[in-house]
Amino acid sequence: MRKKTILVIEDNELNRKLVKALLQRGAYNILEAADAERGIDLAQEHKPDLILMDIQLSGMDGLSATRIIKEDLALKETPVVALTSYAMEGDVEKAKKAGCTGYISKPINTRNFLDSINIYFQEDQETKSVVRTGAVQEPDSDC
Amino acid sequence: MTHEREQKSLSNRLAERLFPVTLAIAFIITLVLPAVYYYLESTRAENEASTQAKMLAENIRKLAAESPFLWKYQATKYSQIIDDFIPHKEILNVSFVDEKATAITHYEHAVQKNNPWNGFSIRGRPAPIMFNNRKIGEISVTVSGISIFLSSIFAFLICGIIGMSLALISYRVPLRVVSKLERQILVYQHTLEEKVEQRTIALQETSQEALLLAKQAQAASRAKSDFLANMSHELRTPLNHIIGFTELVADQQAGKLNEMQAEYLGDVLASSRHLLSLINDILDLSKVEAGKVELEVGEVYLPALLQNSFTMIKEKSMKRGIRLQMEIDGIPEQIRGDERKLKQILYNLLSNAVKFTPDGGGVTLAACRLFFQDAQWRSEDGRVEPIPFVPSAAGEWVKISVRDTGIGLKAEDLERVFAPFEQADNSVSRKYQGTGLGLSLTKRLVELHGGKIWAESGGEGNWSNFSFVLAMNTGTPCQSKEDWS
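Protein chains in written order, with the working numbering: chain B, 1 to 143; chain H, 1001 to 1485.
For the record, the hints were derived by calculation from the structure and aren't laboratory data. In this text the structure is predicted, and so the values were computed from the model without any measurement. Glycine included, each C-beta is placed from N, C-alpha and C at the ideal position. Any given hint could turn out to be false.
Computed list of chain H residues with no C-beta within reach of chain B, every gap over 12 Å [said to hold, decoys possible]:
1) Ala1035
2) Gly1291
3) Gly1321
Using 27 Å as the maximum straight-line C-alpha spacing, the simulated DSS-like pairs for lysine-lysine come out as follows [said to hold, decoys possible]:
4) B:Lys94 <-> H:Lys1224
5) B:Lys97 <-> H:Lys1287
6) H:Lys1343 <-> B:Lys96
7) B:Lys97 <-> H:Lys1292
8) H:Lys1287 <-> H:Lys1343
Construct the complete structure from the given sequences, taking the supplied hints into account.
And the structure:
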């Protein structure tokens, strides 16, 4: 089986680095883009198996980028997983409308990140249906 | 203006009433008074003429008594008697007739004879001349009425002037007074209107100012919230990197660690996570305080919600040997509420309970149905429940309690624990580590649902019980969120 290719579109360098560090453990080909335009170019050029899209990109935002990618016939079936931050709960709905397949909320849980990613591949191959997933997020609290 | 018209019609009405009255006054004074005067004067003149006729008749009777048969022929004698009256200017004529009314003589005043005003004459009552109880003649005197007539005319003129003046005065004066009052009322009305207008303008200005202030306050509040949202995003991004990379290293993804390195990295992780939860709580609380948090009300499956809430604390409690128990018999299947926020409330209370319960203790989650009616809370079997909260209307409620065998609370801390940044005491906060915001956030979330939360305790070292009540029907239905499917 060939190595899967994942495109990470994320403008924060350290976030990119962390995602890359986590993905490297899963033996994926990793493509990186620091902005939406470069991300779209890379997607059209390499036809990745999955796209991780930061929603809050500076410049063109992740939602617009997702819409453009989804309009490309060659990329129509490629799952786009939104990276949404905890503070922006409303973005989940918007992301879905823009064509995202699912979302992973930030902060990234390093311990189940790969499992979350894998679900999209399996679903994509077996049922072609979209799924809802996310790093398990507990509301944190103290007295 | 209606008022003005009413006032005008008042003076018009007064004028209508006054007119006949003044007309009557003018009539009485101008006509009736002179007429009465004329009548009285002419009666007096008539009586005088009658008296003179009587006197003449007496004198002639005396003449007749002297010579009963001849007196008719003694013309000089009775002429002499009559002539004595002549200087009396008022007398126009004297007529002397016999018993058969045949004129014996007729005297006319020479001066008055050709007076064209002789038409105004007054004839006195005729006086009979009696002799031996037999009427032998009759005398009547006619006097001039001209002076009476003229003085009556004069009186009429004078009275006319007086009457008209009086009528005019009695008509004009009340009207003038009333219309003056009217004008004053109008002026008063006008100033009143002006005052009202001024007040209204002032009020409008004030309310505009208030609106402006409110807008400014809203803008400030929004700016504060936006700032907090941005700020916490800015704070969290690097913190998430710290946590992420530390996790990577601590999980030995970047090479083996010795024991001490692993321990210290564990401390770094614990502190970072604590810092993150602080930031999250501050953001949540400030959002609630700024009124930014709205309930997304929908149907909530209560048993599932309660059961799932245990899974969130299962790991921690198992590690510390804390028993978890649930008493949820007879609770309603569904209530209306914001599921996410209810989850957060339960998680906060449960994780607190676990945190403050010594190893080997127990935490119980209990729920029951309550009814509020006639200012009393009753459970399903009719027992009166002591709930420290009075809702505005009767209805069905759910009480959810989290009880622990933990460290307990002092009586004076039962209220204080819900205030921001308050833990029962500082030594507790040092030992148990917390933001001190969890319970105040929980309280706000319960209150957003229209409910009430309170704490009870058996005292220090004993059990604690945090309970809250929720109305079964909170809020209005809202669009349920679509699922990712």
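Hint numbers not upheld by this structure, sorted from lowest to highest: none
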